Amino acid sequence: MAATILHGVGATTALSSINYNNSRRSLPERKRTSLVIQCDGSLSSGLNISNNRGAKLSTNAVAQTKQENVTASTTSKPGLRHELLLFEALREGLEEEMERDPHVCVMGEDVGHYGGSYKVTKGLADKYGDLRVLDTPIAENSFTGMGIGAAMTGLRPIVEGMNMGFLLLAFNQISNNCGMLHYTSGGQFKIPIVIRGPGGVGRQLGAEHSQRLESYFQSIPGIQMVACSTPYNAKGLMKAAIRSDNPVILFEHVLLYNLKERIPDEEYVLSLEEAEMVRPGKHVTVLTYSRMRYHVMQAAKTLVNKGYDPEVIDIRSLKPFDLHTIGNSVKKTHHVLIVEECMRTGGIGASLTASINEHFHDYLDAPIVCLSSQDVPTPYAGALEEWTVVQPAQIVAAVEQLCQ
Amino acid sequence: MAQLTHRASALHKSIPAVLFAARGLATASTSPITVETSLPFTGHKIDPPSRSVETSSQELLTFFRDMALMRRMEIAADSLYKAKLIRGFCHLYDGQEAVCVGMEAAINKKDCIITAYRDHCIFLGRGGTLLEAFAELMGRKSGCSKGKGGSMHFYKKEGGFYGGHGIVGAQVPLGCGLAFAQKYSKDESVTFAMYGDGAANQGQLFEALNMAALWDLPAILVCENNHYGMGTAEWRAAKSPAYYKRGDYVPGLKVDGMDVLAVKQACKFAKEHALKNGPIILEMDTYRYHGHSMSDPGSTYRTRDEISGVRQERDPIERVRKLILTHDIATEKELKDTEKEVRKEVDEAIAQAKESPMPDPSELFTNVYVKGLGTEVKLFHYIHLFLSRLLTTIVLEFLL
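Quick note, the sequences are listed as chains A and B, same order.
If you read the first sequence in numbering that gives the first Met the number 0, its first letter stands for residue 0, the second for the next number, and so on.
If you read the second sequence in numbering that gives the first Met the number 0, its first letter stands for residue 0, the second for the next number, and so on.
Some hints here could point you the wrong way.
[Unchecked claim] Residues on chain A that point at chain B, a partial pick, calculated with CB under 7 Å:
hint : residue
1    : Pro136
2    : Asn140
3    : Gly144
4    : Ile147
5    : Ile219
6    : Pro378
7    : Gly381
8    : Leu383
[Unchecked claim] Capping the alpha-carbon separation at 27 Å, the derived lysine-lysine pairs in BS3-like fashion look like this:
hint : chain 1 : residue 1 : chain 2 : residue 2
9    : A       : Lys189    : B       : Lys370
10   : B       : Lys353    : B       : Lys332
11   : B       : Lys156    : B       : Lys353
12   : A       : Lys259    : A       : Lys300
13   : B       : Lys108    : B       : Lys267
14   : B       : Lys81     : B       : Lys339
15   : B       : Lys185    : A       : Lys189
16   : B       : Lys156    : B       : Lys108
17   : A       : Lys189    : B       : Lys156
18   : A       : Lys189    : B       : Lys108
19   : B       : Lys335    : B       : Lys321
20   : A       : Lys189    : B       : Lys109
21   : B       : Lys83     : B       : Lys343
22   : A       : Lys305    : A       : Lys330
23   : B       : Lys44     : B       : Lys275
24   : A       : Lys281    : A       : Lys305
25   : B       : Lys339    : B       : Lys44
26   : B       : Lys140    : A       : Lys189
27   : B       : Lys353    : B       : Lys343
28   : B       : Lys185    : A       : Lys126
29   : B       : Lys275    : B       : Lys185
[What the hints assert, rightly or not] Computed Cβ-Cβ distance ranges for the label pairs, DEER-style:
hint : chain 1 : residue 1 : chain 2 : residue 2 : range
30   : B       : Thr231    : A       : Asp129    : 35 to 43 Å
31   : B       : Phe397    : A       : Ser354    : 28 to 36 Å
32   : A       : Glu357    : B       : Lys353    : 54 to 62 Å
33   : A       : Gly78     : B       : Leu363    : 41 to 49 Å
34   : A       : Asp308    : B       : Arg86     : 55 to 63 Å
35   : A       : Asp129    : B       : Lys370    : 32 to 40 Å
36   : B       : Lys370    : A       : Arg261    : 36 to 44 Å
Hints in this document: simulated from the structure, not taken from any laboratory.
It should be emphasised that the depicted structure is a prediction, and the values quoted were computed from it without experimental measurement.
Quick reminder that beta carbons are idealized off the backbone N, C-alpha and C, glycines included.
I would like the entire structure built from these sequences, with the hints used as guidance.
Given below as structure tokens:
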């Protein structure tokens, strides 16, 4: 462990100047292709039904959602594209949905006149007015509750937590009212709310502003959780979350808002329950999401040079897991590495490890390895902060060890 | 309001008609009667409404019947709980009937009501049936929440009743949201967000008040002050038990919550205010005869003399009975007959609820997510496991 950290330290000086734009230049093409392949409908090949009841059912689940919800951009026509940053992609998705449905409204701190602390809602208050883009006082518990109450009547509010960490104050509302009202009312009320905001470890923001709330919320029954990582999936997931009749928590990351990408001009909505194939491979399945995707891809470059062929999947859907995509990958590679930003204890990685072990144990040639952040409050000092999260060098070392 | 009595007529067609016909009230029953409330209203930053309330014989008879029905339902629930047919938590409303009955008389079904866990009678007022209530309390399929909510989670969407909430105070921001939606949709309706004297000390209440006042939301915050937050008397929990003044910049009204006409007047006044000027607080001075819940005897923190004193001096049903008798609207025997009839109705509903089946095991997994979305299918995997384990257990028990 110490060796890995020190190794990581040595490597971090080189990594501190990560240029996110450069590291994923090749990704857009790959993403589009993989989405179309999954749209094909030929999903049942290779599934061993008696061993994987869950997998078979998830196939149907994913197929169902795809047919109903996804308007993916097809490869048949190249289509016009435009370049934008991730926060602009979120705004574009949000604006399109507000235009489409008058029930969609936004509420949060400084979302209106200020334009949003990360500019996701910039310009929307001018266009839609103060009631539809509502500046709330600093009262997370009650304005989240207010959003949920409004959702009970049929409005579709998007509640922004300026930082996801602040939503801890609204935990009761999110857990008991948001997640459970559909059930406790016997189906009478649905809560089509979207709760979104940036989280994750940033650049020396301090312990309270560097939290990963997906690990706390994951047990709440009745909610869905997704994490976006590129402008393309940010827009698609935002739209899908707004259209969903279930409460959806959309996790953005503080460090990813300025990622640039060319996305289709044509309208598209992604599936909330689907994972994204980032890089097909055959030696090891690397499962990741949000910012860690980029650390994984950085490590992948090194690994390819060393002769490894990692399959990288951005799981995107944190609740429920896309066990279909994940399962197919496990059956191919027989090795799993999870790279997450949650802390070791009780994070998404811990649940994913348990889930894969439960469903695909027979296909594993080695125990699942999960790289997570350290179980510590995120320190302010830069070097210490770097050591709390997983760095590409650790990922490379883990793959090398796993594939021995 | 009419719905409660109307439902009664569906079950016992003859008696209400006889009651009215006997007195020849078909024409006279709706003519106005003016009654003075027992106490004047006290206002905070607002001129209180007049003490003179307009009512009618028909309305008074409806009040009597509805409150008697609610009283009977709660007492029957007490017995059912002791017979272990109702489990878990059961918070009874007897003594406080005037609040929900008076409120219903002032509003319509487009207005929303949201409350905490003492919700059985409010559910009835919003159009819920006795069968739905008892079946839910006994965890049966035909309960209003399919047996999956329980005592603290009664809801009636068509009746504008948003529950039914277990966590103290959390319903008030929800109520703020209901009012926000009403303003957003320009509904010309209001929301009554109800809470107790215990919940009045929750921070989220002040947050909700601030927002409601900031945006002029048509929210009426109703504090049902029964003077005890479970075992803690209000003076031991609140530095300032003048809950109607807690709004500071939001006006408030203190109302005798045991006087159904005062409640009606206050709610009518509040609705008019909220539609024009935004939020207002109503403090209903009321009392619960039962303990906080069936797990609380209710006598360790208050004397039996206090309880019987209130019952003698301020009981809401007795007050209406006296009014009816003094105004010669019905005879004592007729009122007694109404009570008997109401009791029969409750007993029949209980019998029917007892026959109602338990929910299907598969119901464990329904309504977690909205039907038809991909995530729901994943749960079926666990249903297979669960049901097969259940069957195995049953088979083994049968064999051994």
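Hint check results:
1. Pro136: 6 Å, holds
2. Asn140: 5 Å, holds
3. Gly144: Hint holds; glycine 144 of chain A Cβ to chain B Cβ min 3 Å, cut 7 Å.
4. Ile147: 6 Å, holds
5. Ile219: At 11 Å from the nearest chain B Cβ, isoleucine 219 of chain A fails the 7 Å test, so the hint is violated.
6. Pro378: Hint on proline 378 of chain A: violated, closest Cβ of chain B at ~31 Å, above 7 Å.
7. Gly381: Interface hint status for glycine 381 of chain A: violated (36 Å vs cutoff 7 Å).
8. Leu383: 35 Å, violated
9. A:Lys189 x B:Lys370: 10 Å, holds
10. B:Lys353 x B:Lys332: 31 Å, violated
11. B:Lys156 x B:Lys353: Distance of about 25 Å is within 27 Å: holds.
12. A:Lys259 x A:Lys300: 20 Å, holds
13. B:Lys108 x B:Lys267: 14 Å, holds
14. B:Lys81 x B:Lys339: It holds: about 23 Å lies between the C-alpha atoms, which stays within 27 Å.
15. B:Lys185 x A:Lys189: At roughly 21 Å apart (the allowed maximum being 27 Å), lysine 189 of chain A and lysine 185 of chain B satisfy the hint.
16. B:Lys156 x B:Lys108: 10 Å, holds
17. A:Lys189 x B:Lys156: Distance ~11 Å between lysine 189 of chain A and lysine 156 of chain B Cα, so the pair holds.
18. A:Lys189 x B:Lys108: Answer holds: lysine 189 of chain A to lysine 108 of chain B is near 19 Å, not above 27 Å.
19. B:Lys335 x B:Lys321: Given that 27 Å is the threshold and the Cα spacing comes to 13 Å, the pair holds.
20. A:Lys189 x B:Lys109: 18 Å, holds
21. B:Lys83 x B:Lys343: Satisfied, since the Cα-Cα distance of roughly 22 Å is no more than 27 Å.
22. A:Lys305 x A:Lys330: Status holds; Cα separation ~23 Å.
23. B:Lys44 x B:Lys275: Between lysine 44 of chain B and lysine 275 of chain B the Cα gap is close to 16 Å, so the pair holds against 27 Å.
24. A:Lys281 x A:Lys305: 14 Å, holds
25. B:Lys339 x B:Lys44: The given pair, whose Cα atoms are some 45 Å apart, is violated under the 27 Å limit.
26. B:Lys140 x A:Lys189: 20 Å, holds
27. B:Lys353 x B:Lys343: 15 Å, holds
28. B:Lys185 x A:Lys126: With Cα atoms ~19 Å apart, lysine 185 of chain B and lysine 126 of chain A stay inside 27 Å; holds.
29. B:Lys275 x B:Lys185: 12 Å, holds
30. B:Thr231 x A:Asp129: 35 to 43 Å: Since threonine 231 of chain B and aspartate 129 of chain A have Cβ atoms about 41 Å apart, the given range 35 to 43 Å holds.
31. B:Phe397 x A:Ser354: 28 to 36 Å: For phenylalanine 397 of chain B and serine 354 of chain A the Cβ distance comes to about 34 Å; the hint holds.
32. A:Glu357 x B:Lys353: 54 to 62 Å: 41 Å Cβ-Cβ, so the 54 to 62 Å window is violated.
33. A:Gly78 x B:Leu363: 41 to 49 Å: For glycine 78 of chain A and leucine 363 of chain B the Cβ distance comes to about 45 Å; the hint holds.
34. A:Asp308 x B:Arg86: 55 to 63 Å: Holds: the Cβ-Cβ distance is about 58 Å, inside 55 to 63 Å.
35. A:Asp129 x B:Lys370: 32 to 40 Å: Holds, since aspartate 129 of chain A and lysine 370 of chain B (Cβ atoms, about 36 Å apart) stay within the stated range.
36. B:Lys370 x A:Arg261: 36 to 44 Å: 38 Å, holds
In this structure, the earlier hints numbered 5, 6, 7, 8, 10, 25, 32 are contradicted, and the remaining ones agree with it.
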